[in-house]
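A.B. asks: Single-letter residue listing:
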Amino acid sequence: MTLNPNLQPLQLFAMDVDPFAKDEIFISGLPDYLKQFDRQRGQLIPILQKVQQELTYLPAEALQAVADYLEIPVAEVYGVATFYNQFRFNPPGKHQIKVCLGTACHVKGGDIILENFERKLGIKEGETTEDREFSIERVACVGCCALAPVVLVGEDVQGHMAPSKVEGLFVRIQVEKEMAQRKKKRHETGE
Amino acid sequence: MKPENKDQIYQQFEAIRRQAEERRDAARRDPSPTILIGTATCGIASGALDTKLAFEQAILEQGLDARVRTVGCIGHCYAEPVVIIDYPQSGFPPIFYHEVTAGKARMLVKHFLEGGDPLFEHVYGAMVENDMIPSVMEFSRFNQEKRVVMEKCGHIDPEDIYDYIAHGGYAALAKALTLDPETIIDEIKTCGLRGRGGAGFPTGRKWELAADSPEGDKIIVCNADEGDPGAYMDRTILESNPHQVLEGMAICALAVGAHKAIVYVRSEYPLAVKIVSGAIAQAKTLGLLGSGILNSAFNLEIEVFQGSGAFVCGEETGLIQSIEGFRGMPRSRPPYPAQEGLYGQPTVINNVKTLASVPPIIANGAAWYRTIGTENSPGTAVFSVVGDVVHAGLVEIPMGVTLRTLIFDICGGIANQKKFKAVQIGGPSGGCLPETFLDTPIDFDSLTTAGAMMGSGGMVVMDEDSCMVDVARYFLDFTQKESCGKCTFCRIGTRHLLDILQRITTGEGRTGDLEQLEQLSEDIKDGSLCGLGKTAPNPVLTSLKYFRDEYEAHINEKRCPGMMCRPLMTYYIDLDKCARGCDACVGCCPTEAVFTTSTRKKGIDQDLCVKCGECMVACPPQYDAVRKVSPPGLAPVIERPVKNPDASKKASDNS
Ligand SMILES: Cc1cc2nc3c(=O)[nH]c(=O)nc-3n(C[C@H](O)[C@H](O)[C@H](O)COP(=O)(O)O)c2cc1C
Ligand code: SF4
Ligand code: SF4
Ligand code: FES
Ligand code: FES
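In the order they appear, the protein sequences are chains A and B. Per my numbering, the very first residue in the first sequence carries number 1; after that it's consecutive. Per my numbering, the very first residue in the second sequence carries number 1; after that it's consecutive.
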């Protein structure tokens, strides 16, 4: 496994504002936010994409606000949002683990990798751990089949995954987390 | 088109071209070395950004004068990260290096850029013929390809429009602007170009249909939804050479009289979205898109629409629904989108590769295009060849090349000295072909006759260790989830197919299952509206036809010949081979299923084993003691020795 020097641990962990408070502020400002889009049905999917980009998921209040803005029934908005794989209705974990189950990764045992993550975290694909640290998703072909089986941790691609590498991945995340915490502490204590 | 405008169009284009060439020549005059790094998604996944960083740092540290440039993907996935170093002063031609890690990058800076030694042991080949280093063209992976669509991919910087223009880009658009729309359509009709999105519909006919439709706000859509879960050529093309696609769209718009165009890219492709959006902006700045293109009266606005990840939205009428903001459910045709499409307007929907084929055709003429490929399928086919081949990656070949040539010559055959078993072509809509079909030429009609399909160009090669029933189950699992639900047969029929396959792969298959699969498959084909349902049974039907014995082994003997179906196989350790005291497999087992026997060898606790196969990988090759068997009953029983006296007492009490 290669350590990605571009990965900035601090960005991952230094969340000073409570993420939920941030979400609420955004949702309450949605009616204004939406004004940048034309009030047209054709804008529905781009709007949902934008909102999800901001919130990482689509809470019920956001869907209601979108429905109000476009003047269509909220059931229509749900109908569309649930049709597409991109939209999710629960917040993902801080570390999103995406296991590729495209054709090439499937024949190279991607499902075994998925199971290992599920077992390790005690959650199923599509779920988030209780502490909101990790979530597991399956994706179809991330486009580097020659490295199959492939797993994405955040944006970071891990090629040639093996069950035994799963453990190492968590160790790395843990180490990075501790490093970030120490750094933060040093910063706070002014050392 | 006003003919008196012709000169102005050429003048305008010449001015831009001169600018591009001056930039290129200025760069060429600069004697300092240029390092080209492939940084499409695939390259990045293999660590190309680390490599780039290492080059930059090393160059800075050594105080050298060298340029690091990013290019798209050249399609040689097996070799990523790929780097080409052009160092004219060294006396060597441009050299292709493969698997350039950060460490190798630093070495190359030190030895080649500083010391003039190109490190022959790491050279893959030279990019041009010369008498010092063997050229890459001596490898069949290079010389048997014919690049039309991907010609410039990996050679130009996708984020620099001038690079494309200096390589001949946008000349076809300038030429097209001086032609009548009818002439363009005629050219596309004569060249015989067929849609590369799967169905192979003649592109010229589609354009003519739209051109002949009464006036209206005609629209061009580039279909880059690429839903096949094992294919990625469209994305790579957009990431590596977006302008060729945009140029093709502009020529298409010109021919049919459209002023609006949309690139429909899946949102899972963020880099492609970014690169295409940037390319549109650059083309507008140079007056190659927007209003009054190259001083002519032709206007074209291109937008990007991000698809939200539904396979069925690759189907053209589903795609239209989703742009309009609805669930992407296909509707019946006619009317065809070319007559009545997006918002009721005539809409030409073409695949990325179809559109990218257009500029070379207009530039070189229909007769040239017809010299490539076969009579009924002229031109090239782009495949992403993955799975158990040595040289996996993107391959562009002239139509008519046989599967054998593609898999064994161009892609280097099966990896790890294993035997070829099957090739899956066309993804969820396609089929698995056995060895007897290896001499089938690759073209639309031959593949369809064989029971597979050209499809979008996904090709998965499988060796003897793969299970055809499992592959069929995999695709059905996919189509079942992706069915839009409009047609009963597609919605419920695929579910039943999947249930039966699931049963078979878990050892619960019954007599009569195969007949039911066949009957149901035919019913689904008949009862479905769109291509998704109509082709969903293909993976089942072809594997039943060519690999029926595997299905029968699963049902009758509860045996998986490929030893892939985990409920039907098991791992055990051959005590004759296991080395006393070796611990290699113990640490790797995720469930601590490996135990030490009383003779200090290893055994597997079948209750704990999840059949991940890690122990087989971990076992040192000189012992090679881990075995796979199917059915599971064939494995010898090795009891876990009881550890502490308490437990042993209990055990003996019970006995
Ligand atoms: C289920 C389904 C999925 C499809 N997916 C794609 C796709 O991802 N990309 C594509 O270009 N065409 C796809 N098509 C084919 C399109 O409907 C359409 O035929 C094609 O975009 C036309 O372009 P062409 O004439 O250039 O091939 C799909 C068709 C079906 C039935
Ligand atoms: S065949 Fe399937 S995907 Fe196509 S329209 Fe019918 S239900 Fe939808
Ligand atoms: S197959 Fe996997 S789970 Fe089973 S013994 Fe080997 S390593 Fe452990
Ligand atoms: S199938 Fe996993 S990267 Fe392509
Ligand atoms: S190397 Fe780029 S797609 Fe494989």
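In short, the hints are calculated from the structure, not lab data. Ideal Cβ placement from N, Cα and C applies to all residues, glycine included. A couple of the hints might just be wrong.
Stated by the list, open to error - Within a straight-line C-alpha distance of at most 27 Å, the following computed DSSO-like cross-link-like pairs (lysine-lysine) qualify: (1) K183/A x K94/A; (2) K175/B x K35/A; (3) K628/B x K165/A.
Unchecked claim - What the simulated footprint calls covered on chain B by chain A, stretch by stretch (three residues with Cβ under 8 Å from a Cβ of chain A suffice, anywhere in the stretch; the number is not a length): (4) 76-82; (5) 111-123; (6) 298-309; (7) 387-394; (8) 451-463.
What the hints assert, rightly or not - Here are a few chain B residues that sit away from chain A, every Cβ distance over 10 Å (derived from the structure): (9) E14; (10) I44; (11) D65; (12) R235; (13) S384; (14) T597.
A.B. asks: Taking 8 Å as the Cβ threshold, is the statement that the region 451-463 of chain B is covered by chain A upheld or broken by the three-residue rule?
C.D. replies: holds (count 3)
A.B. asks: Check whether the Cα positions of K183/A and K94/A lie no farther apart than 27 Å.
C.D. replies: holds (19 Å)
A.B. asks: Is K628/B close enough to K165/A, meaning Cα to Cα at most 27 Å?
C.D. replies: holds (22 Å)
A.B. asks: Taking C-beta pairs only, is E14/B more than 10 Å away from all of chain A?
C.D. replies: Non-interface label stands for E14/B: nearest chain A Cβ at 38 Å, farther than 10 Å.
A.B. asks: Take a quick look at S384/B and tell me if its Cβ sits farther than 10 Å from every Cβ on chain A, holds or violated.
C.D. replies: Non-interface label fails for S384/B: nearest chain A Cβ at 7 Å, not farther than 10 Å.
A.B. asks: Tell me if the straight-line CA distance from K175/B to K35/A falls inside 27 Å.
C.D. replies: Cα-Cα ~43 Å, so violated.
A.B. asks: Take the region 111-123 of chain B, compare each residue's beta carbon with every beta carbon of chain A, and decide whether three or more fall closer than 8 Å.
C.D. replies: violated (count 0)
A.B. asks: Using C-beta distances, would you say chain A covers the region 298-309 of chain B, given that this needs three or more residues below 8 Å?
C.D. replies: Answer holds; 4 residues pass the 8 Å Cβ test.
A.B. asks: May I ask you to check that I44/B keeps its beta-carbon over 10 Å from the closest beta-carbon of chain A?
C.D. replies: Violated, because the least Cβ-Cβ distance between I44/B and chain A comes to about 7 Å, which does not exceed 10 Å.
A.B. asks: Can the region 387-394 of chain B be counted as covered by chain A under the rule of three residues or more with Cβ-Cβ separation shorter than 8 Å?
C.D. replies: holds (count 4)
A.B. asks: At least three residues with a C-beta closer than 8 Å to a C-beta of chain A: is that true for the region 76-82 of chain B?
C.D. replies: As far as the region 76-82 of chain B goes, the hint holds, because 3 residues have Cβ atoms under 8 Å from chain A.
A.B. asks: Would the least Cβ to Cβ distance between D65/B and chain A come out above 10 Å?
C.D. replies: Non-interface label stands for D65/B: nearest chain A Cβ at 25 Å, farther than 10 Å.
Violated hints for the displayed structure, listed by number in ascending order: 2, 5, 10, 12, 13.
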